[in-house]
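S.K.: Protein sequence lines correspond, in order, to chains A and B. The first sequence begins at 60 in this note's numbering and counts up one residue at a time. The second sequence begins at 60 in this note's numbering and counts up one residue at a time.
In short, the hints are calculated from the structure, not lab data. Where is the CB? At the ideal position from N, CA and C, for every residue including glycine. Mixed in with the good hints there might be a few duds.
What the hints assert, rightly or not - In silico EDC-like cross-links for lysine to aspartate or glutamate, where the CA-CA straight-line distance does not exceed 20 Å:
#1 LYS274(A) / GLU338(B)
#2 LYS285(A) / ASP255(A)
#3 LYS196(B) / ASP270(A)
Stated by the list, open to error - Some chain A residues judged to face chain B by a derived CB distance under 8 Å, without partners named:
#4 ARG182
#5 ALA219
#6 GLY293
#7 ARG346
Protein chains: 2
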Amino acid sequence: MTDMKIIVITGAGSGFGKLAAIELGRAGHKVYASMRDLAGHSKDKVEEIRSIASSEGIDLHPLQLDVREEPSCRSAADFVLSVDGRIDVVINNAAMMMAGLTESFRPEQLAQILDLNAISWLRVNRAFLPAMRRQNKGLLLYVGSGITQIPDPFTGPYAASKAAGDVLAQIMGLENSRYNIETVICMPGAYTAGTDHFKHAVAAADPTVADQYGKLAGLAQELADKLDATNVPGTRTDAKEVAEKIAEVVDMPHGTRPFRFEVDPQQRQAMAVAEKANEMRRIFFDRLGVSDLMSVPEN
Amino acid sequence: MTDMKIIVITGAGSGFGKLAAIELGRAGHKVYASMRDLAGHSKDKVEEIRSIASSEGIDLHPLQLDVREEPSCRSAADFVLSVDGRIDVVINNAAMMMAGLTESFRPEQLAQILDLNAISWLRVNRAFLPAMRRQNKGLLLYVGSGITQIPDPFTGPYAASKAAGDVLAQIMGLENSRYNIETVICMPGAYTAGTDHFKHAVAAADPTVADQYGKLAGLAQELADKLDATNVPGTRTDAKEVAEKIAEVVDMPHGTRPFRFEVDPQQRQAMAVAEKANEMRRIFFDRLGVSDLMSVPEN
């Protein structure tokens with residue numbers, strides 16, 4: 060297959076990551092489904108990925124990569140380059156969730172989620188970008204969130220971490236576009252089916268703070284309970300939709316991919332905000348003389 | 060004076076913080092100009108604040124508060140409450156700057172700036188919000204940045220930290236509006252005069268990464284050099300303008316203050332993006348039934 064791409068996707072043991080890894084494997088790409096600890100924490104997930112790969116005959120491989128540790132990111136990148144001689148696509152996907160009244164989370168918890176959901180994007184990119192620049196080609200795809208554009212109550216640490224990651228992704232994109240490295244930010248909405256995101260949400264360490272809020276603390280639960288009820292009728296509500304869109308975007312010709320796309324059963328319209336930002340950015344960057352950094356050449 | 064407010068402003072040893080502290084003192088408020096280490100690192104600044112307070116006869120007091128340490132935030136809050144019995148306004152201002160190619164910063168550097176510029180807002184709020192909720196009144200004012208809406212190249216760690224802080228501020232605002240606690244985010248542009256922000260910018264720990272970027276690394280310096288040249292003719296370019304606007308907003312009647320305002324000699328139009336976000340948020344929150352969280356009652 061001529062357009063077979065070498066792809067690394069982080070946090071591929073579950074959720075969007077796993078679904079996208081399978082989808083991309085089925086599309087004919089060589090996919091490294093990276094997880095943090097193949098022999099330990101991720102053991103069952105590794106078995107599952109291996110069994111899907113062998114039963115479907117797709118080029119899908121577990122890869123050890125702990126996004127919280129720079130040496131682990133570096134080793135994973137070196138491994139891929141030694142085997143395949145190149146890296147075409149990196150999908151920054153690994154993430155954790157926290158839900159609850161912001162003030163009831165300890166600063167250490169906020170630091171933890173910022174590390175996993177945002178600082179990891181710098182760590183992973185530092186490992187793979189030098190090779191992409193030498194190739195003068197690459198695609199950085201990020202699983203961001205619509206919440207970065209329109210933040211909800213009771214999502215403080217999570218939304219802050221995704222916003223930090225989003226801005227990092229934007230800026231690393233600007234800084235690497237002259238090296239023909241394209242950036243795409245996927246903004247999923249809240250999917251309760253097909254991911255462990257909400258099931259594995261970490262609770263606040265100081266619940267007595269939330270208790271000071273009286274009835275408002277109840278509203279958090281109320282909103283969570285009616286999440287599915289606020290889906291727009293007729294929209295798909297399975298996480299697989301996100302994986303399919305990711306695979307579709309990866310297969311678009313280089314230089315024609317959207318800078319962002321939204322897949323959201325609640326249709327919060329994060330794209331409307333992001334498009335306004337892009338419009339104002341172009342005006343400002345034209346004045347600074349740097350609007351050429353906003354895209355890569357089509358090729 | 061009937062409308063004298065008790066105000067704490069962090070990072071008040073220099074820049075916007077110092078200027079705003081003086082401005083608010085002159086307006087007749089009791090202002091705690093907080094700094095991280097009165098007897099050590101902040102010693103000269105303490106002397107300066109004391110001398111301004113005594114020569115102008117204004118109610119301006121240095122206060123020890125290291126935004127990086129929760130016990131320090133708590134002790135400062137307890138001190139203010141023990142002396143004044145209430146806290147009217149908290150201005151989250153303390154911040155550090157980093158400038159350069161994003162990839163040349165180590166993950167630990169990104170963690171450091173996220174801690175000082177964003178996690179600190181949670182820390183400081185956790186110390187003061189319980190008292191504000193008991194009072195059923197308060198104002199949280201944040202010195203954010205226009206960069207959160209339209210991020211520039213070569214500002215990765217800084218912009219990411221301000222974006223994380225911005226989203227935290229928004230969400231803590233939603234979560235506290237029913238307690239009559241108003242939130243205002245100030246979005247300054249880049250001021251080269253009147254602040255030490257750029258002079259004290261921390262450099263990347265791995266300059267050999269930036270060296271891989273060839274000519275692009277030069278563009279970072281070029282943009283920094285022409286910062287003042289991109290100011291819109293006729294705009295004020297002194298940081299004191301920001302301090303005056305902050306003082307003006309503090310003195311507006313409770314419930315009528317803007318959720319955001321921009322003061323930017325470059326006029327990047329961050330407000331246009333923020334207003335779009337607010338518009339789309341209102342539509343989405345109406346559907347969720349929570350748009351009442353977006354403001355406090357006028358009183």
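S.K.: A separate judgement is required for each hint: does it hold in the structure or not?
M.R.: Results of checking the hints against the structure:
1. LYS274(A) / GLU338(B): 27 Å, violated
2. LYS285(A) / ASP255(A): 18 Å, holds
3. LYS196(B) / ASP270(A): With Cα atoms ~19 Å apart, LYS196(B) and ASP270(A) stay inside 20 Å; holds.
4. ARG182: Nearest chain B Cβ about 5 Å off; hint holds.
5. ALA219: 4 Å, holds
6. GLY293: Nearest chain B Cβ about 15 Å off; hint violated.
7. ARG346: Hint on ARG346(A): holds, closest Cβ of chain B at ~6 Å, below 8 Å.
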